[in-house]
Amino acid sequence: APRSPPRGSPGGRAMEFVKTVVKNQWAELKQLWANPRQLIFQFLNLAMIVLSALMIWKLMVVVTNSESPVVVVLSGSMETAFQRGDILFLDNNAAPVRAGEIVVFKISGRDVPIVHRVLKVHEKANGTVELLTKGDANKVDDKGLYAPGQQWLRREDVLGRARGALRYLGMVTIILNDYPALKFVLIGLMGLFVLTSRESS
Amino acid sequence: RTPPAQALWGMADAADGPHEPQVVDTADCIKMKQVLDDEAMETILQRGGYEQSFLLENVKLSIMAVSCVFALVAQLFPMPFPQSRALLAVCSLTYFALSGVLQFITYVIDRDIIMVTVPLAGARKSEALRVRSQLARFSEWYHLILQRNADGSPEAVARMYVGRYFTAAGQFDSVGFAREVEAHLRRWESGWEGTDERGPPGPKKKKD
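If you're matching them up, the sequences are chains A and B in order. Read left to right, the first sequence gives residues 1 to 201 (my numbering). Read left to right, the second sequence gives residues 1 to 208 (my numbering).
Treat the hints as calculated values from the structure; they're not laboratory data. For clarity, every value in this text was computed on a predicted model and none was experimentally measured. Here a beta-carbon is modelled for each residue, glycine too, at the ideal position from N, C-alpha and C. Do not take every clue at face value.
Partner residues aside, some chain A positions facing chain B, computed with beta carbon under 7 Å [as the list claims (entries may be wrong)]:
no., residue
1, M48
2, V50
3, A53
4, M55
5, K58
6, L59
7, V62
8, E67
9, V185
10, L186
Model the full assembly from the supplied sequences, consistent with the hints where possible.
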């Protein structure tokens, strides 16, 4: 018989559990492969679950008129209002941006959105809007952050005004971004279990 | 070497030949129902000579495929955001509408139906066989219901105790179960309706 750790050890039991799960999943996948109709159904089922999540996001984009209706606060520059890891819900509909509102904006040429408060708003007669922002916890305003030569933010740079927040729930996103391999592991596991499980329908 | 499940229950004879029983985790209610449903459907189709109707299933698969197309268009269409707002609105609302239709079909029309047969030549759709089954979570009774494919038509219900077909280790006696499903089917075909119970097996006979 092959050598294995003594039955009682936690390592041995964990290994056996993992082996059983892997064997069961493999048997389920083989059975699924043999039945094309069932395979198509489970595959479309999985596709719809993934697409439903993506479509809820798209619906939020449509409703809030914002490219990114939900963002995670990445830095501590808005302490004590928002901390790193908070989730923010944005609204980018037509109402004008006012000083004192917390906005999320992107500087052209950079991907990372920034969450700061609006300090000054200039509305010109021809309709153009210029904004100056500053993080609550920063000592200086954001002129130094903008693109070289840029003195003001435009309304188009703003992704939306913060309208609601969920404390700390965004830490999951931050962890998944710091360790990208975790994303694939998580999604792979979830996908496998959806493919091989059969609900009562 | 553990003896095959049939020998334990005394329900198979030598003519059925050696048979490696499928093993199921008896705590996994969904898997057990799936195994029983699959065996019941196979028995009814093969021994009853019926053909399975895929109409509703095909409708569901088509709806799923179409909604995936709308979703993929919304995700992948190469138009940048502010201009694509109308397109995204149409695609996402259509997607959720189709999703809703699908849920309606699954929970209102399909409910506990596991199979519908193709009606025999010349017969109407409502004269086809409809097979329904229920196995409540953590329950030990599997209900197999046969009726005509019309709501409210008389039902032949078999209440079957799962312990008759599974050993404590989870080995499935597919032969014994198929035999009882076939008996139930013949009874229904001869016009019987009502509820019949197949309870826990009696004291084990001593093996000789």
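### Query
Taking the least C-beta to C-beta distance, is E67/A closer than 7 Å to chain B?
holds (5 Å)
### Query
Taking 7 Å as the limit, does the beta-carbon of A53/A come near enough to a beta-carbon in chain B?
This interface hint is violated because 10 Å lies over the 7 Å limit.
### Task
Could you check if V62/A really has its C-beta closer than 7 Å to a C-beta on chain B?
At about 5 Å, which falls below the 7 Å cut-off, the nearest Cβ of chain B leaves the hint on V62/A intact, so it holds.
#### Entry: When the least beta-carbon distance from V185/A to chain B is tested against 7 Å, hint result
Constraint on V185/A not satisfied, violated at 23 Å.
### Message
L186/A was flagged as interface toward chain B. Is the shortest Cβ-Cβ separation under 7 Å?
### Response
violated (20 Å)
### Task
Using Cβ atoms only, decide whether L59/A comes closer than 7 Å to chain B, and label the hint accordingly.
holds (4 Å)
#### Entry: When the least beta-carbon distance from V50/A to chain B is tested against 7 Å, hint result
Where the cut-off is 7 Å and the nearest Cβ of chain B is about 9 Å from V50/A, the hint is violated.
#### Entry: Hint check: 7 Å Cβ-Cβ cutoff, K58/A to chain B
holds (5 Å)
### Query
When the nearest CB of chain B is found for M55/A, is that gap smaller than 7 Å?
Because about 5 Å separates M55/A from the closest Cβ in chain B, which is inside the 7 Å limit, the hint holds.
### Query
Hint check: is the beta carbon of M48/A less than 7 Å from a beta carbon of chain B?
Holds, because the Cβ-Cβ distance from M48/A to chain B comes to roughly 6 Å (cut-off 7 Å).
Checked against the numbered hints given earlier, this structure breaks hints 2, 3, 9 and 10; the rest are met.
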